[in-house]
Amino acid sequence: MISLRRVSTTFAAGKKEPIAAVDDVSLEIPAGSIQGIIGFSGAGKSTLLRNINLLERPTSGEVWIGDTELTGLNAEGLRRARHQIGMIFQGFNLVNNLTVVQNVELSLKFAGVKDPRQRRRRAAEALEIVDITDKTRNYPAQLSGGQKQRVAIARALATKPQVLLCDEPTSALDPFTTATVLQYLADINAEFGITVVVVTHEMEVIKALADNVAVMEAGRVVEQFPATDLLREGFSPTTSIGKYLVSDGISLNRRKHTSSETDFDAIVDELDAAGPEPGARPWDPTRARENKIFAAVEGGLR
Amino acid sequence: MNLQTIQARLPEINQAMLETFAMIGVAIPLAVLLGTPLGIWLWSHAPAGLKPTPKSHAVVSTVVNMVRSFPFLILLIAIIPFTRLIVGTSVGTAAVIVPLTINAIPYFARLVEQNITQLGTGAVEASRAMGATRGQIIRHVLLVDAKPAIIGSITITTVSFISYSAMSGLVGGGGIGDLAIRYGYYRYETETMVVACVLMVLLVTVVQYSGTRLVRFTDKRVTA
Numbered sequence: 001m002i003s004l005r006r007v008s009t010t011f012a013a014g015k016k017e018p019i020a021a022v023d024d025v026s027l028e029i030p031a032g033s034i035q036g037i038i039g040f041s042g043a044g045k046s047t048l049l050r051n052i053n054l055l056e057r058p059t060s061g062e063v064w065i066g067d068t069e070l071t072g073l074n075a076e077g078l079r080r081a082r083h084q085i086g087m088i089f090q091g092f093n094l095v096n097n098l099t100v101v102q103n104v105e106l107s108l109k110f111a112g113v114k115d116p117r118q119r120r121r122r123a124a125e126a127l128e129i130v131d132i133t134d135k136t137r138n139y140p141a142q143l144s145g146g147q148k149q150r151v152a153i154a155r156a157l158a159t160k161p162q163v164l165l166c167d168e169p170t171s172a173l174d175p176f177t178t179a180t181v182l183q184y185l186a187d188i189n190a191e192f193g194i195t196v197v198v199v200t201h202e203m204e205v206i207k208a209l210a211d212n213v214a215v216m217e218a219g220r221v222v223e224q225f226p227a228t229d230l231l232r233e234g235f236s237p238t239t240s241i242g243k244y245l246v247s248d249g250i251s252l253n254r255r256k257h258t259s260s261e262t263d264f265d266a267i268v269d270e271l272d273a274a275g276p277e278p279g280a281r282p283w284d285p286t287r288a289r290e291n292k293i294f295a296a297v298e299g300g301l302r
Numbered sequence: 001m002n003l004q005t006i007q008a009r010l011p012e013i014n015q016a017m018l019e020t021f022a023m024i025g026v027a028i029p030l031a032v033l034l035g036t037p038l039g040i041w042l043w044s045h046a047p048a049g050l051k052p053t054p055k056s057h058a059v060v061s062t063v064v065n066m067v068r069s070f071p072f073l074i075l076l077i078a079i080i081p082f083t084r085l086i087v088g089t090s091v092g093t094a095a096v097i098v099p100l101t102i103n104a105i106p107y108f109a110r111l112v113e114q115n116i117t118q119l120g121t122g123a124v125e126a127s128r129a130m131g132a133t134r135g136q137i138i139r140h141v142l143l144v145d146a147k148p149a150i151i152g153s154i155t156i157t158t159v160s161f162i163s164y165s166a167m168s169g170l171v172g173g174g175g176i177g178d179l180a181i182r183y184g185y186y187r188y189e190t191e192t193m194v195v196a197c198v199l200m201v202l203l204v205t206v207v208q209y210s211g212t213r214l215v216r217f218t219d220k221r222v223t224a
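These protein sequences, in sequence, are chains B and H. Using the UniProt record's numbering, the first residue of the first sequence is number 1, and each one after it goes up by one. Using the UniProt record's numbering, the first residue of the second sequence is number 1, and each one after it goes up by one.
One chain only, chain H, in its complex shape:
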């Protein structure tokens, strides 16, 4: 392995890591912020939910499925006009954040919907019997009991979208995955590719490890 090549690429590797952090650091919090209420909505307006509205549920559910079924590369291209409208450009890191977020919101919403469904109906039923409002049930019961599972979902989403962000090269978005493709794949700089891949593995490992720890720390369903 040629250390000099790696040394020469260090500034670019640094830059790529920053870009990855920027993409994930904006897209994931936005997905959590918008996907959580969407997931709760999907759960509570489902035919068996807290406030069943089967027709609007079917519409929203279909839209969610549609966005989710787009391969990320296609979505990236397809929504370029929208991206330009939001961030003023269709190239660069900022331009990748838009499709990443658009893709991550329904992805995360489905996970949250699952997390809540799996809680069972007991505590919700007890809360209804206690005269709780729907908002109170969501805030004080569902989100409290689903918290560990939702943290797990944030971990899964982050790891998936670190991988998705590697496709950002198509619109010049940068990031560590893109670096691996550009230098490693197109220019046969194996050293750079290896370093980039090792960094990605480390990044994913750190995210997964912290996520798992946090889930274990917040989950009180089993005694330690």
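Okay, chain B solo, but in the shape it has when bound:
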């Protein structure tokens, strides 16, 4: 079980007011489940994910994995805890001058597996899980994007973690490769009972993979629901962002629009001329301005 308790992460922004990337988030992720975290760019979902393994240390709040409070550990304790938390990234983050098998061995080396033969054997096992057995001596540059992500998954799995954090794991991949990678993640969850947390802006990923969904906006989790609800007839998320995310995606008006209908610049100018609303903060957590533009654009396209 992963438990985030009132986690906030603020970033200093020079002389301006600090930016709250994660704002008082509490989230319980049952052991062995797949949790999806979805939201637009800048919603704070990646920061929240990085809060789980403390790559980004929360400014306040507690992070628990099982019976361990990660936020209460010293540097050495945290390092040890991280051996049990795998992570994969949008950009794969492999070491380019190491072969596939050497990359996977790296996580074992960091986890303190000293015997080279044991490292090699366990790396080979992990690569077998993601069906990369014939390219183990290749370098990352010789692999496709999907293969690189599978190597990254093997690297994360080699230490037999309890948790796998996935930061936009398929955002750099085409739909077919995405499906393949997601299938591996689903298999790993089913076979080893690893708790998987996936951050994404692609609703398809959530629909296909997640057990539970958390929708984020402006640093907050604004709603949560079981992913099976998405398949239910008549289900509609309560927040506008949730609704948008479950909609069929981008729909454009292909008829040449007149400037009065969708003059985005005019809309933005009008809002800017009106100035900030009374008492508005420089950074507006409700995104009133964005929402107005969004609504106006939506109206214009209809």
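Just so you know, the hints here were simulated from the structure itself, not pulled from any lab data. If you're wondering where the values come from, they're calculated on a predicted model, not measured in any experiment. No residue lacks a Cβ here, since even glycine has one placed at the ideal position from N, Cα and C. You may find that some hints are simply not true.
[To be verified] Cβ pair distances, simulated, as ranges: (1) Lys15/B - Pro52/H: 55 to 61 Å; (2) Thr59/B - Asn65/H: 32 to 38 Å; (3) Thr53/H - Ser236/B: 48 to 54 Å.
[Unchecked claim] Taking lysine-lysine pairs in the DSSO-like style, the calculated list, with each CA pair at most 27 Å apart, reads: (4) Lys147/H - Lys135/B; (5) Lys147/H - Lys51/H; (6) Lys51/H - Lys15/B; (7) Lys147/H - Lys114/B; (8) Lys51/H - Lys109/B; (9) Lys135/B - Lys160/B; (10) Lys55/H - Lys16/B; (11) Lys243/B - Lys207/B; (12) Lys109/B - Lys135/B; (13) Lys15/B - Lys55/H; (14) Lys135/B - Lys114/B; (15) Lys109/B - Lys160/B; (16) Lys147/H - Lys109/B; (17) Lys16/B - Lys51/H; (18) Lys207/B - Lys135/B.
For chain B, the structure is supplied; the task is to place chain H on it using the hints.
Leaving out everything else, chain H in the frame of chain B:
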């Protein structure tokens, strides 16, 4: 061209080549040995580094800039007391090795710092997530990925300091560049100067060619 002049100068040319090899052969390995950790330190203690210590970083960075901004000739003279302390003399080849090394360390450190900065943060971030220590990240990730770039930096440093070593004549350091200046420039022995220059060109060419080959051989970022 007078072949006899060249023949007469051959022993001196030989000697000068040996002196150049001695200067470069000691200064560059020392610069790599000491400049690499300094470069890594500069990178990892920078405000956005692995272990930010902005104040001490600012101090070390300033010292590095100061040493680097000295023209080599001035440095050569300025640190004579230090040179005497280290090698016991302020003249000769050994005395030139000291300022060459002092100048080469921060030069090389800056190059290494750049080499590491250009790697990007992805693999470091992944390593932190895997629970690696800072030492492990430096040894197993940064130095591995930066190896081709660092070899390139060694090449650049060697070529630059072959040229710097020509100024060693000022303190009787010798070397092939000094030979070209002494015989070619001061004594109008064009033949000797030409031979010395050709040797320097050859030396630089060999260094650059081997360096480039080695970089290509070690760099796995692009498929061959």
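Hints versus structure:
Taking the beta carbon of each, Lys15/B and Pro52/H are about 20 Å apart, not inside 55 to 61 Å as hinted. In this structure the hint that Thr59/B and Asn65/H lie 32 to 38 Å apart at CB holds, the actual value being about 35 Å. Distance hint check: the CB atoms of Thr53/H and Ser236/B are about 52 Å apart, consistent with the given range 48 to 54 Å. A threshold of 27 Å between alpha carbons decides the hint, and for Lys147/H with Lys135/B the separation of about 23 Å falls inside it, so the pair holds.
Taken as a hint, the Lys147/H and Lys51/H pair is honoured in the structure, with Cα atoms around 22 Å apart against an allowance of 27 Å. Under the criterion of a C-alpha separation no larger than 27 Å, the hint pairing Lys51/H with Lys15/B is consistent with the structure, at around 24 Å. Between the alpha carbons of Lys147/H and Lys114/B the distance comes to roughly 24 Å, so the proposed pair stays at or under 27 Å and holds. Among the hinted pairs, Lys51/H with Lys109/B is consistent with the structure: their alpha-carbon atoms are about 22 Å apart, no more than 27 Å.
Taking the CA atoms of Lys135/B and Lys160/B, the gap is about 22 Å. The hint holds against a cut of 27 Å. A distance of roughly 23 Å separates the Cα atoms of Lys55/H and Lys16/B; the hinted pair therefore holds under the 27 Å criterion. Between Lys243/B and Lys207/B, the direct Cα distance comes to roughly 14 Å. Compliance with the 27 Å bound is thereby established for this hinted pair. Proposed proximity of Lys109/B and Lys135/B is supported: the alpha carbons are some 21 Å apart, at most 27 Å.
With a C-alpha separation of about 20 Å, the suggested pairing of Lys15/B with Lys55/H holds against the 27 Å cut-off. Straight-line distance between C-alpha atoms of Lys135/B and Lys114/B comes to about 24 Å, which keeps the hinted pair within the 27 Å bound. A hinted pair counts as satisfied when its Cα atoms are at most 27 Å apart, and Lys109/B with Lys160/B qualifies at roughly 13 Å. Distance restraint check for Lys147/H and Lys109/B: the Cα-Cα separation of roughly 20 Å lies within the 27 Å cut-off, and the hinted pair is therefore satisfied.
Our distance criterion of 27 Å between C-alpha atoms is met by Lys16/B and Lys51/H, whose separation comes to about 25 Å. Taking the CA atoms of Lys207/B and Lys135/B, the gap is about 31 Å. The hint is violated against a cut of 27 Å.
Violation of the numbered hints given earlier is confined to hints 1, 18; the remaining hints are satisfied by the structure.
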